[in-house]
Each structure stands twice: as C-alpha cells, then as structure tokens.
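Numbering (the working numbering), first residue to last: 188 to 1110.
If you are wondering where the hints come from, they were derived from the structure by calculation, not from laboratory data. Computed from a predicted model, the values in this text were never measured in an experiment. Just so you know, not all the hints are guaranteed correct.
Calculated pairs, SDA-like style, for lysine to any residue (alpha carbon to alpha carbon, straight line, at most 25 Å) [said to hold, decoys possible]:
1. K536 <-> D881
2. K861 <-> A681
3. K820 <-> D881
4. K584 <-> D912
5. K842 <-> D881
Between beta-carbon pairs, the in silico distance windows are [to be verified]:
6. G924 <-> R849: 56 to 64 Å
7. R717 <-> L987: 15 to 23 Å
8. P519 <-> T750: 45 to 53 Å
9. W426 <-> E370: 27 to 35 Å
10. Q730 <-> G658: 25 to 33 Å
11. A916 <-> D788: 45 to 53 Å
12. L664 <-> D733: 42 to 50 Å
13. Q246 <-> R485: 21 to 29 Å
14. R1030 <-> R1070: 41 to 49 Å
15. T750 <-> D535: 40 to 48 Å
Glycine included, every Cβ here is placed at the ideal spot set by N, Cα and C.
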Amino acid sequence: MQAFPYQTPLDIVTRSLLTSSVASRFYARWLHADPARERMVNGLAGLSITPDIFARLLQNETAAGMPLPRAMRRLRNLVVCTLIERDLGGQADLHEVLTAISGFADFAVATLLDALHAEMCAAHGTPVGRDSGEPQQMIVLGMGKLGGYELNVSSDIDLIFVYPEDGETRLDDASQRQLSNHEFFIRLGKKLIGALSEIAEDGYVFRVDMALRPNGNSGPLAASFGMVEEYLLVQGREWERYAWVKARAMTGREQDIAALEQIFKPFVYRRYLDYGAIEAMRNMHGQIRAEVKRQEARHPGRANNVKLGRGGIREIEFLAQVFQLIRGGRDPDLRDRSTRVTLDTLADKNLLTRAEVDELQQAYVFLRNLEHRLQYLDDAQTHSIPSNPDDQLTVAKMMGYADAESLLAELDRQRAKVAAQFDAMFADKAGEQPDAQADAVAQVQAVLADPENAEAIEAHLAGLGFTDPAGAARRVLGLSQSPRLQSLPEISRARLAALVASALPIVAENDGDRNATLGRLLDFLEAIARRASYLALLTEFPQTLDRLVRMMGASDWTAKYLTRHPILLDELLDLRHLDMAPDWPAFAQEVQRRLDDAEGDTEQQMNILRDLHHAQLFRLLAQDLEGKLTVEKLADHLSALADILVDATVRAAWKTIATRHREVPRFAVIAYGKLGGKELGYASDLDVIFLYDDDDQEAPALYAKLAQRFITWMTSHTPAGILFDIDIALRPDGASGLLVSRVSAFEKYQLNSAWVWEHQALTRARFCAGDAEIGTRFEAIREAVLRQQRDPVKLREEVLAMRRRMHEAHPNRSGLFDLKHDAGGMIDIEFIVQFLVLRESARHPQLTADIGNIALLRLFGQLGLVDGALGEQVANAYRRFRRLQHQIRLQGSDRARVEAASVAEDGERVRRLWAEVFGLAED
188 MQAFPYQTPL DIVTRSLLTS SVASRFYARW LHADPARERM VNGLAGLSIT
238 PDIFARLLQN ETAAGMPLPR AMRRLRNLVV CTLIERDLGG QADLHEVLTA
288 ISGFADFAVA TLLDALHAEM CAAHGTPVGR DSGEPQQMIV LGMGKLGGYE
338 LNVSSDIDLI FVYPEDGETR LDDASQRQLS NHEFFIRLGK KLIGALSEIA
388 EDGYVFRVDM ALRPNGNSGP LAASFGMVEE YLLVQGREWE RYAWVKARAM
438 TGREQDIAAL EQIFKPFVYR RYLDYGAIEA MRNMHGQIRA EVKRQEARHP
488 GRANNVKLGR GGIREIEFLA QVFQLIRGGR DPDLRDRSTR VTLDTLADKN
538 LLTRAEVDEL QQAYVFLRNL EHRLQYLDDA QTHSIPSNPD DQLTVAKMMG
588 YADAESLLAE LDRQRAKVAA QFDAMFADKA GEQPDAQADA VAQVQAVLAD
638 PENAEAIEAH LAGLGFTDPA GAARRVLGLS QSPRLQSLPE ISRARLAALV
688 ASALPIVAEN DGDRNATLGR LLDFLEAIAR RASYLALLTE FPQTLDRLVR
738 MMGASDWTAK YLTRHPILLD ELLDLRHLDM APDWPAFAQE VQRRLDDAEG
788 DTEQQMNILR DLHHAQLFRL LAQDLEGKLT VEKLADHLSA LADILVDATV
838 RAAWKTIATR HREVPRFAVI AYGKLGGKEL GYASDLDVIF LYDDDDQEAP
888 ALYAKLAQRF ITWMTSHTPA GILFDIDIAL RPDGASGLLV SRVSAFEKYQ
938 LNSAWVWEHQ ALTRARFCAG DAEIGTRFEA IREAVLRQQR DPVKLREEVL
988 AMRRRMHEAH PNRSGLFDLK HDAGGMIDIE FIVQFLVLRE SARHPQLTAD
1038 IGNIALLRLF GQLGLVDGAL GEQVANAYRR FRRLQHQIRL QGSDRARVEA
1088 ASVAEDGERV RRLWAEVFGL AED
C-alpha cells in the first residue's frame, strides 16, 4: 500500500538564507505559543522524519490524556514545523519532505479510520458482505499527489471511499442499530472527513477533497466495488483516467485492494497503444489554463502560479502521465504512481532522452521546493508567487537567492524548459497546417463526403505529379465509398481526410509506382480507420507518416504486414531506436522479464511473445528497406530472433505443466532447414524436432505434452497473430514417428535407419534452444553421422532421385526462371553442397561445420573437391539468387521467378558445377 517517492542525484538540498522563525510566519506563531515546542522541534530536527516515528509521537500525546483527533492535529503541526526546520536548514531534500508528509497522511488516515470504524461497529454492528459473508472494511484511496506519495506540506488530500460489497451490519447485541453497508460506510466516511479536516484550537490534520469520487460532489460519499465498476464502465470520462492513474489504497485488506485494482486498471490502461490520450490531455490542459487565466484576471496578485501556470508542475505531470495512458496498458513498468519514477522509466525505455528527463527532473525539484516555500509562509495551500515585495524577498531567500529578481529569473528559465517539452508533445498538429495544406485537406474531405467532387481531387493529384491522376483519384474515391469509412464518427472522418491529404505529396515524391503506393496506403488507412488511436498517432506525429509511405512504396509485403499489425506504427516514432542494431542478449533478457511479469496468464504471455517478435522483425525490416542489411546479415538476425523466442517459449510452456517433475526440463529443440542453416526469411516457418534425455518414468509423456504446448504457443492465433508456423515432418519416422525422441533413440535411428534425404537435412541442422547438454550430444551425433563412410555411387543415385522428385513436384510453365526450383537454381546448389558433405566428410571432417552453403562452396574449392574458381562463382550466384528472391518476396510474391536472361550466366555456372560434381561421382 505504500510506495515511497523516488530519490535521484538531482535531489540536492536548498539551504535558506533565513532561519525558520524569520522565514515562516506559521512556524513563528506555532513556536511562540508554547515554550516547550522549540525543544520538541530541536529534538526531531536532528533526525530524518520517517513514518516509523509517528506512532511513538502520537502515543506521547494520547498518554497525556489528549483525545485522538486533537493529538493528531498537534502531531501534524509538529511534523510540518520540523520539516520546515530541516528543509530550510539544508538538512532535508525534496525526497524526505515528500516522504514524510505523505507518510504522515497515510498514518493519520489509517489511525483515525481504525478508531472510527471500531466506534461505528460498537454502535451498529460489523458490516458484512451479502455474497461473501465476510466482514467489510473501507478502502480509502489516496489520489493525486497523495496517491503518488508526492504530497505538499500544506496540501489538501484527495480521497475516494470504497467498500467491497453491499449488505448489512451483523448485530452483536440488542443495543446496536442495524445499518446497510452503504449507510455504514457513508457515515464512517463523514466521521473520517470531520476528524481530518475539522478546524479546532490546534488547527486541522488535513483538508479533504472528495470531488474525484464517482459522480463527483453529487455522488454518494462511499461506493461499493459494483458501483465503481459500473460508473467507470458507463460514465467514466477521459480526465478521470488521468486521475485514477494515481489511485493508491491507503487502507483495506490486500485481497480487496487487488480486486479493486482489477476493476479500475482496465479503465485507466487500454490494452492498445492509446494515442488519443494526447488530444484528451491537451483539451484538459487547455481548460485548466483557461480557468487559471480567469482567476489571474480576477485576482492579479495570483498571476505567477508555479503549479498550473505555463511551464509549471502540472505540465511536468502531464508529460509523464500521457505516456502512462498511451502505453501503460501494454507495459506495466509505466504504471508507477510517482511522477519522478515515471520520468526516469521514460528515459530507460528511450521514450524521452536522458537529457530531456534530467531537465524535467531538475525543473520538478526546483518548482516543488519553491511551492513548499510559498506554503511555509503561512501554512496556506497556495501555488502563486506573492505580489507583496517583502514576501517575494522572503521566498527568494528561502530558496537561497539574495533578491526576488534572481529567483524570478531562474523560475522563468526552468519553466521555459518545461514549456518547450510540453509544446513538443501537446502542440495541436492539426491546427498548425499551412494554408495550402488546409486547402488540400478540404478537397479530400469534399471527395470523401461527395463523390461528385472527384474532378477536384484529380486536378490536385495531377498538380502533385501523379502520372495517372485519374486512376489515383478513383482509388481515393473508392475509399470514400467504403462501408467502413461511412460508419465512422465525423471526427475520425476528418482526421482520415487530413492524413490522406498530408500523404499525397509524400506519395508523389516516391520513386516507385505512385498509384501502387497510394493503393497500399489507402488499404492500410481503411483497415485502421475504426481505431481512432492509430489515426491519432499519425496525426500527432507527422514524421511517422513520411516513413510509413516510404516503406509502403518500397515493399508490398511490408504494407500487408503493417495492415495486419498496425500496432507497429509505434515503432516509427523513434527513428534512432528503429535504426539501432539489435542487442540480442539484452532482448533475451527483456523477453524473459516480460514473461515473468505475466506468469500465470498464458494468453498474455503468448501476446507478449508475438508483440516482441513483431517489433523486432519490423525494425529489421525498416533497416532492410533502407539498404542497411545484407541478405546474409538479415538472415542471421532473424535466426537469432527465432532462437531467443523458441527458447523463451519452451521455458514458459514448461511452467504451465502442473505435473512437471523438475523446474528445468531436460529437453531441446533442434533446428533444421532455413532456421538450421541460419537463412531464415521474414515469413519462414520453423523446421524443428524435439529431443529429451530424462530417465524419469513420466518423462516421455511430459515432454510430449511440452512439445504439443510449444507448437500451440507458436501457432495459435491470438489478437496479436501467430508467432511462427511449425513443421515437425523431419522427426524420426516422419508423420508416423513420436513427437519427441530420447537422445539415444535419435542416435540409433540416424546411424541405422535414416534415409539419405534425412542425412541431407542433417547437414543444415543445429541445436537451437533448451538443454545445452542435449545440444552438445546432438552435435556429436550429427558429426558422427555425417562422417560415416558412404558408397559414392549409391549416394549419387539417391540424391539425384530425390532431386528429380522435388523438380517434378514444382513444375514451372511460366517461361520465367524459378530461382529456387529450376535446374541451375538454389536447390541445385544446396543439393551439391549436401552431396559433397555426405560424400567427403569421412576424409575431411571440417565439412561438418555448420558454416552455410557459401562458405562450404569455398571450402570445397580449397580442398580440391571442385574447381576453385567455379565454386567461388557458384557461391556468388547463390548470394545473388537469395538477394533476388528476397527482393521479390518483399513485393508480396510467393514465387521467386525472374526473366531467364537476367540470370543466364549464373544458372549456367550452377549447371556446370552440377555436371562436374555428379560426373565425378559416376566414375
């Protein structure tokens, strides 16, 4: 229930040039009212004020016969005055001040509530839940700065009162008067407010504000969980999401608090990336600023508000919380209630730069210290620089400045930094359009509203340089007639029209087929049109639209991938992060951490794996389209990505097997095919087999279950799509074989029963994930199998027979050259490599190394197994074929076919090597 505020190296103490009794009128009045108080403050001022001393101090007061409410008021004054003394004397930093006053608020609320609850139970019995039959306790939610453990010394406290269930009190004797739980907790709440805020001879404990409760001041003082849930679901407004980010239970049972959080967290944190929060918070900030300006006009003396004014504390809080509302639903790290913790998390996640966060942290410390000193003057809830010159000078000296002018200059400097960052985030992008752009938006809106306006958009497209403006205009017109578009609310239609208008000049600058690019973009926008958050993202961050259009112009496959996974738009926000080389060890740690956080929720874990996979793949795709990766380097990265996700999936799936007999499975995933050869593409499936080495009698059944769950986790369609398609046809005995094999059984099969084609497949196999000892045993088995002596004539016959079957299974009647299947293509090269590895590894053990086809072709030449120059040429042909295949796949084609003349020389070299290799085997 307690979360202490963040302390950073920026929390330097601010020493006052004045003593506390000179600087603070409140402190002087309180001190002079009782000679013993100076001794009390001096006794405490040498210590850090922490929550564990509050009970002892309160006990001193009540032991002397002081009633609890009055004792609490006297303790509050002592705590505040001690903080004033320590803060102004340079003994306490902001961290201590916030911790102490927030901790005291928690202590006061809990202590007074306990006493009042006991009084109410004595008079009316114990409230009991109608459904559970359990005694009920009131949960007091601290909101705002209290919720974030960042309370001001003279602040009021924002509270909400909730209780788990309706029902009635259970009477213990006839003198008690029964109440409904609702009435019981309303009365209890009123008593608590009175005990906290009633002004008596020693002042008050805290002013209380209940305006944030459901239905505000017109709603009931206390609400059941059911009432809270219905209100948030039906009536909850956008600004209330902002308020509930800070909600923290100060009292109540842990199980009740957990149940309440399950109710309000889905309201606060959306499951998607909610960029609509920017506009909502912009509007809310505008209303706050308008109200501040009205107040300043009516009361000129309040014109310099360090909390709500331009560049003030509220703008820093908004900057932190907008990221929480946007991303908190998908990233639990961003759900901390503390503004300062959240700011540092933003830097850790590269959502803001470290320099930007340090600027905000420094401004926050300065502004909060200044706010406290404004309140130290008279213990008043004020946030404005006083108009009185004498008070201005006093505040300046409390801040360590010799004069007010120096303080105000530093205040302006700090607020300018905050305002600049706030404007960068919250400036209304749609309202900043130049006149020409506004006209273009109006034209697109007109077409979307009325197809008769098509001529105007055609003329606009011609002016932009479209070579087929009529065709492009028809495509825009098709969007206007889409049923999906026609059902949109007006604000989304307007936003979509603005995006189309903004995109048209970018499309016109594209070097490729402009109409094709436009078609891809419009298909994408139509697909996301009902997701206002994605439209908001493209509107709020115009640079993302430019990169989006360029990527769609470069690749049809990319356009379709983004249309299936529009959440990846978020990756376009930070181009530095997008273009950064992957750090696979760090990524593996992040995957494991995210899975651990969601342990017990299989669906969430499956979605986490898919989201992380999509994001990393998209970053590689962006770098690929920019020409920053070779095909080989890209395949290495994609294979490393798959290895990490396979390993993480095995670990997570194993934990879901309740009958598992060990915490770490003796189980391994072996990669074949493209994953085994580290030649994975964007949409490749994974060819794998499963091995285990465990003598437990339940091991075969348990590891079969693990393999089944692994396949389910990989291939199931969730809201985030699938992870990988899995092919297990290469396991021993194929489709009729066991799903998992004992290592010893696999070894026996490979040495005695496997077909030649299975040994061909083994040339590209490797340990992928799981138990490393099994991986080592597999590699030893693989090497032993590949290094067997073989009859070269029989081997040649079987390899050629397999090649004929594959060729017949993929006939090509197109007149084009199939880079993969035709004679002289990639499969011929792979068969040459596999044949030579199987034929020669007994004499040349180094050929069993899993170094890839290109390196093996060169090694064959070095060993004199093939003509060295021809081997090098075929290696280069293989690289070119892969690059061409990759480019064709990026354009969305399943078949990698090209004009035969364009690769005639390469194909001829492959056929020459084929004849050389298989001719030698014939002799």
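Against the structure, the hints:
no., hint, result
1, K536 <-> D881, "41 Å, violated"
2, K861 <-> A681, "47 Å, violated"
3, K820 <-> D881, "37 Å, violated"
4, K584 <-> D912, "69 Å, violated"
5, K842 <-> D881, "17 Å, holds"
6, G924 <-> R849: 56 to 64 Å, "25 Å, violated"
7, R717 <-> L987: 15 to 23 Å, "56 Å, violated"
8, P519 <-> T750: 45 to 53 Å, "28 Å, violated"
9, W426 <-> E370: 27 to 35 Å, "30 Å, holds"
10, Q730 <-> G658: 25 to 33 Å, "28 Å, holds"
11, A916 <-> D788: 45 to 53 Å, "32 Å, violated"
12, L664 <-> D733: 42 to 50 Å, "24 Å, violated"
13, Q246 <-> R485: 21 to 29 Å, "47 Å, violated"
14, R1030 <-> R1070: 41 to 49 Å, "33 Å, violated"
15, T750 <-> D535: 40 to 48 Å, "31 Å, violated"
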